[in-house]
Structures are given as structure tokens and as C-alpha cells.
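Let the sequences and hints guide you as you build the complete structure.
2 protein chains.
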Amino acid sequence: MEFFKTILIEEAVNIIKEEFKDYKLESEIVDLDDAYDKVLYEDVISKEFVPEFDRSTVDGYAIVAEDSYGSTDTIPTVLEIIGEVKMGDRTELVVSSGKCAYVPTGGMIPKGANAVIMIENTEKMDEKTLLVQKPVRIQENIIKRGEDIKENEVVIERGKKLNPAHIGALASLGISKVQVFKKPKVFIISTGDEIIGIEEKLEFGKIRDINSYSLKAQSKKIGLEVVGNIIVKDDFIQLKEAILDGLEKSDIVLLSGGSSVGERDYTKEAINSLGGKGVLAHGISIKPGKPTLIASAKGKLVIGLPGHPVSAMTVFMAVVEPFIEKLYSLNTIKPTIFAQMTENFPSSAGKDTYVFVNIKKEEGKYYATPKFGKSGMITNLSKADGYIVIKIHEEGVNKGEIREVYLL
Amino acid sequence: MEFFKTILIEEAVNIIKEEFKDYKLESEIVDLDDAYDKVLYEDVISKEFVPEFDRSTVDGYAIVAEDSYGSTDTIPTVLEIIGEVKMGDRTELVVSSGKCAYVPTGGMIPKGANAVIMIENTEKMDEKTLLVQKPVRIQENIIKRGEDIKENEVVIERGKKLNPAHIGALASLGISKVQVFKKPKVFIISTGDEIIGIEEKLEFGKIRDINSYSLKAQSKKIGLEVVGNIIVKDDFIQLKEAILDGLEKSDIVLLSGGSSVGERDYTKEAINSLGGKGVLAHGISIKPGKPTLIASAKGKLVIGLPGHPVSAMTVFMAVVEPFIEKLYSLNTIKPTIFAQMTENFPSSAGKDTYVFVNIKKEEGKYYATPKFGKSGMITNLSKADGYIVIKIHEEGVNKGEIREVYLL
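The listed protein sequences correspond, in order, to chains A and B. Heads up, the first sequence is in full-length UniProt numbering, so the first residue is 1 and it goes up one at a time. Heads up, the second sequence is in full-length UniProt numbering, so the first residue is 1 and it goes up one at a time.
Take these hints with a grain of salt, some might be off.
One copy or two, it doesn't matter: identical chains are merged, so the pair holds either way.
Said to hold, decoys possible - Taking lysine to any residue and the SDA-like style, the derived pairs with C-alpha atoms no more than 25 Å apart in a straight line are:
1. Lys220 / Thr336
2. Lys134 / Thr342
3. Lys383 / Ser176
4. Lys160 / Gly223
5. Lys38 / Lys360
6. Lys150 / Leu274
7. Lys206 / Glu52
8. Lys5 / Val389
9. Lys221 / Gly98
10. Lys240 / Val94
11. Lys86 / Glu42
12. Lys360 / Val389
13. Lys185 / Ser296
I should point out that these hints are in silico values taken from the structure, not numbers from a laboratory.
Spelled out as C-alpha cells, the structure:
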């Protein structure tokens, strides 16, 4: 029997990042219509000024600002209306002191004008005569050419997960194709003589293959493409072949089960027999989830997750997720919630403890309640909303404390 | 010229909910593999007890708890080891006072035992002899049959958006097919003589079709299926035909542009000519976004959004999103962030004001800074992380105030 020398989560993540630092995701060009929720591979550079000319931000009259100084309701300034700018037209009008021209919101500011007075602050006496009833500052209600974006300016940065506003911005710049990250491919192996497919009849002593399903969903959630999965018996040859197959088809192989201390643990042996650096670390100070194996086989990442479904999910979140985020250069705000703990919760010494919680929102505040559940079963986890992490040096969380909650 | 009688956002949403209260989404049965991120149509009921028998939550020895009372390191209790429970096996062992049996985590508790003492608190003298060095309480380290889930208990509720833990829980119960909501179909129409496709050459006076793209992405984001989109000139016949086509293909028709006050506004006319209740409301007290039209044509929902891209997106979030959430009976925590405002921001009287913000996280706290941008251009919006809503009765937000931020 062999005992683990456990390492910290941060060390585990760093081992992976360091070992696979040359691993780069590929990119692909997609139509803007298919770009939503994908991650941008390169900074998008504008080829245009936005706006492309000085525009009015209100419906009103383009004037020489100085003309309006001192204007009031009772002592308005009288200006001559020289015309109207049509929306979307390039205007030839020229405004000078004593004159003005109507401009709709978004309309082009005529030459000579340096401000726009809102229509609400004027009174039109007749087709040719406007009363200005309020002063405006120079540049008021005008957006200058390029004020939003200049030519050659970065519009959206690499690593942004494209949301609807990004998609709209790209459309506005006439960008109909974008370069996005290709999804890395993952292959998932469930190991154990006792594991059966979920559609098979459950006999005593058998356990349904939960991990394939939860890990597939987790993989999709963080932007991996699942290229296959298989259940493998505790058999060295079968396991080795499954891993080889997975390495051929994918960039990352995830195993679950078979990484615990035990006689039937072929995982380590199988990985080490494949060529490459083999097992890099075994055992992480995390609860739930200690028996985790990090390896490099044929230059690719292989992670042996615990067989216990909640442990496997937890290690995935703690170790796989940050690595994938790094691959994607992700720089999008990840929605976490700061919530007040409603109860004390002790943690295990010497480990980062993942505590699953329920969230309630009350009067503009979030509250988090630890989900107790002796079993640590996934049915219990599925009723949680998120989790907090109690770090190794902490003794637990106290009622009333504010903690960051990651959503499931 | 006609002026709007504007209504509150809440009124607009209620008009839609009331008018389409009989509108129900269809459901479909999907494989568990395809269920991630879909919304559950019916409560999932367990057909099993979880766990299916009393199990140990630790590696240890099943004992009669009373035997351990008073045990210490120096005065241990001596028990006879009668055997070992194998993981996944139905054990025939019977434990009585003075006896014990080894049980791995998750293993079945033998008859007669009422507690499990952790292996760390014992010392095995030989194959037959165990020293118990600590007392355990009755039921300690045991999870009872059905403690997690009882037969016929609801495991996951209707309206839950299925996350990886839900998927795992369903797999654990042997549920390989789930009934989920079918996506409602949406058809998107951009109107205006000045609108051109984003791949066309931009001439002066033309505007790129931004809204089709941003609205398609928004639709995907909230779980709508986009079945088509088209750009239509300001022509009554063309517009009417496009709406008719949309109504035939989809459940919801979204128009943008053409709903502002103006001579070329055929939208209202076209909708009213189609049969059904026609326009139900015109104009919402929202900034940006006032010129919005809510209608029922041929029994289906038609929404006329403003032509301005940021306004169109805002009205979509304010009005369309809550209706779709209701259709889905959505009861999943929506990730919002409570953030401290870093600046004052005034709002417009008589309107709900949507203020786009940037989010920063510092020392366990979120900070929100309003994105000023005179233009209200979508390029500016695309640099925001989320938005806050200043309600109609508020005068703005103050620096230091904590506000709820919705992520983009």
C-alpha cells in the first residue's frame, strides 16, 4: 500500500499550467451569427471611427454655443433657422452666429456649429425663427468623431466571452467574421468493475456511471468539447487501451475512479506505461476529493479524478476549470455572489474544504446556508445553488461572515 | 403626429403575461447527455431510496455504539473482528456486542451494528482483534436508507435549469431521459430604408443592421430559438408580409426600428391590419428605449423595439426576458452582483433608467462604475460588464450605495 504525499490545489494547478505551458488552443473563424458565447482569440481592432462624424445626441438645433449665453424663458435669444439635417444625410449646411439648423438625434452636426440645444429648451416661432430659452455649453449634446472608438483602437479584447453587446458592437463595425478559440477536446473514462451504464438494471454491488454524465456536463459548461466516453473494467490492458484511444481523439483525458489507495489501482501504472512524463502528482489537499492524479502521457494532460461523484465534480472545479480558463485567456467577469453565512461551518485541517450552500436573496442581500448531508451524495449536491471554499489555513466559517459563493 | 402614452415596465410585462397567459411552452424528451442547461418541464420524482441501504460515511468498523463508551487511547475497548464488508456487496455479517466488522466508505452497515468507528480511532492488533480508542454515538458515521431521498420524493423541481450536479443526480437515479421545455421560436425583423446588411459597403446615410445580430444573441442567451431574420424597407406591404411570414414560422416576432413617432411608421398599421387584438401598448417609461410597441397578432406576441441598438437591447432585457422566464417557470438563481457605486449618477425623472457599469472586484467586494458615453453607441455598451436599474421614483444613485448589478 502506498500513501499519498498530498499537494495544495494551487500547486496542482501550477503543475498543470507549467507542464502544459506550450499548449495553445487552436482558433477558427466563425460567422458573427455563430460567435455568441464563444471566446475571442484576438483583439478586435476597429477600422473605423465611431461615430464616423460629429453627431447630435439629442433632437434639437445646432447652434454657436456663445449665441445662447444668457438666454432665458423671458429673454430668449432669437436665431434664424437655415434648414434641417436629415437623419443619415451628409449635410452641406453651415451654421454661423445668429443662425441654427435642426438636427435629429444621431444626425450630423453642420459646419460652424459647436453645440446643440435640445428642442425642449427652444420655441419655434415660424419656419425661419427659433427662440433659444436656455444657454448651452460648447460641445454640449455633441459626440465628436471617434469619441467612442478611434481607427485602429481595440474594440474587444482577446479572451472575452462574446455577449450580445459584443456581437452588436462587431456588427456595428461591419465585422461579419470573428476569430474565436476552438474548444479543446476531452475524453472521459469511468473505471471500475462495479460501474454500469445508467440504462442497465442496477444489481446489488453495482454502481451507476454517474461521473461520465456530470463530467460531460461540467466539460460543456467550461467550454470543452466532449469527443467520447467509455466505461472500463479494472483491467490493466483495457484501461491502457482506453487511455490510448482517448489520447488519440482528444487533448485532455479525464478518468474517474481507480485513483484511490487500493490493490486494484491500475490507473497510475497504465499512465506511466504510455510514454511521456507519466504521473506528476498524486493526492490534493482538498475535501472532498483527495485521491487525484495529475499526469502527462504522450504530451497530453491526463487527470485521474476520484470515483466518488461529488469529489470528482469538486476536483474538476478546483483543478480543471482554472487550467481551461487560462487556455482561453478568459477575462470575462465570472459571476460570483458575496453572501452572508447563516450558520457556522467547521472545516477539515490541512485541506481546502468545498462547502456546498443554498442561496437566498432577501432585501438586497444574499444569504448562504451550508447544505449538510452526511452522505455527500450527488442527489444532495444537486439541491445546492453554489459553493464556498474554506482555505487550508482557516478553521471554518462563522455565522455572519461574508463569503464569495461560486454558482453551480 | 401621435404622442405616446407611456406605461411602466412592470405594466408592459404584465400586459404581455396577461394577454399570453394561456401560452404554454411545449416539452420534449431528451437524452440525459443533451439535457445540460435545458429547463426541466416536470418535477423529477425518485423511484428509489438514496441511499438504498444504511451505509457508512467513513472507512472504519461497524460496531455496537454502546461498546465504545468510555474508550480512550490508554483504556481501549477490545472487539473481535468478524469479517469485512466489501464495497458494493450485500453483507450477511451480523454484529453484536463485543464484535465488529470492517466497512469501507459507502459500504453496507451489517445487521446489529448502530455506529461506525473511524479507522483512525482504532488499532488493529491482529486479524481478529481491534482496539477501539474513542467512543462513538449511536448512528455516528452512518447514513440511513432514504436519508438523502425517499421513494416518490421530488429530486429536482420543474423550472430548474439543469446544471452538472443535476445531471449527475439524474444519472445516479438511473434516469436516462428527461422532459425539458422546448425553446420558443422567435423571428427577427429589422426595418428601415437606411438599414443594410453588415457585409454590404457602408454608404453615407446607411446604417448597418446591428439589431438582428444583438437580438439574435440575446434570444439565444435567454433560451429562444431564432428561426429567421430579415431586413425590410419602410414599405407597408413588405413589412406586413414579413410579419405574416414571421408569425407563421415562430411564436414571437421581434421588430426593431419603425416604432418611433414619425411619418414613416408603418409598424403599428401593419400589425393592426393582421387580425387579432393588434397593438396593446405603445411607449414604455424606460431609458434608453421609450418607443416600444407591444402587440398581439394572430394570437401571437409581436414586439416592436426601438431602432437604436442599445435601446433595443435594453427593452429586450426589461420586457422580453421576464416573459420568457415566466414561460419557462424558471426558478434558478440568476447571477446578479451587489456592488458599491464608485460615482454618483443622476437618472431621468419619470422613467426607469438602465445604467451600464463596469465591475471591479477588490478585496472581497465588487465596485460598479457607470460607463459614461454620450453616444449611447453599442460599441460603448460592449465595454460594460453589466447594468443597474434606477427605478422611476429614484433620483439617481449615490456614490457608496450598494446596487444590484445584472451581468450582460
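Contradicted hints - numbers only: 2, 6, 9, 10 and 11
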